[in-house]
Amino acid sequence: MEKEELIDPGQLSYEQARDELVQIVKMLESGKTPLEETLSLWERGEALAARCHAVLSAAEQRIEQARAGSASTPETNI
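Just so we're aligned: 50 in numbering that gives the first Met the number 0 is position 51 of the sequence shown, and the numbers increase by one with no gaps anywhere.
It should be emphasised that the hints constitute simulated quantities derived from the structure, not laboratory data. Ideal placement from N, C-alpha and C gives every residue a C-beta, glycine not left out.
Ranges between beta-carbon positions, derived for each pair:
hint	residue 1	residue 2	range
1	Q64	E35	38 to 48 Å
2	R61	G30	36 to 46 Å
3	E63	T32	34 to 44 Å
4	V24	S56	15 to 25 Å
5	R66	E35	44 to 54 Å
6	Q60	D7	20 to 30 Å
7	R43	A70	37 to 47 Å
Please take these sequences and the hints and turn them into a complete structure.
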């Protein structure tokens with residue numbers, strides 16, 4: 000990755016974090032990065048993966064809450 004100002008993973012959308020993580024994985028899999036850069040990429044990848052997990056967990060909770068809410072609402076026939 001270029002030496003640019005990296006955005007805090009907590010500020011990224013799921014899609015942004017996922018896309019950056021995919022780029023990092025490709026770079027790591029190439030085996031062409033120096034050790035220090037590899038370690039930095041690994042750390043960034045861990046933070047991005049945690050962000051993706053947090054967003055997906057929150058989405059799952061919202062779905063469960065919606066299901067629970069709709070299950071407790073009585074059906075009305077019009």
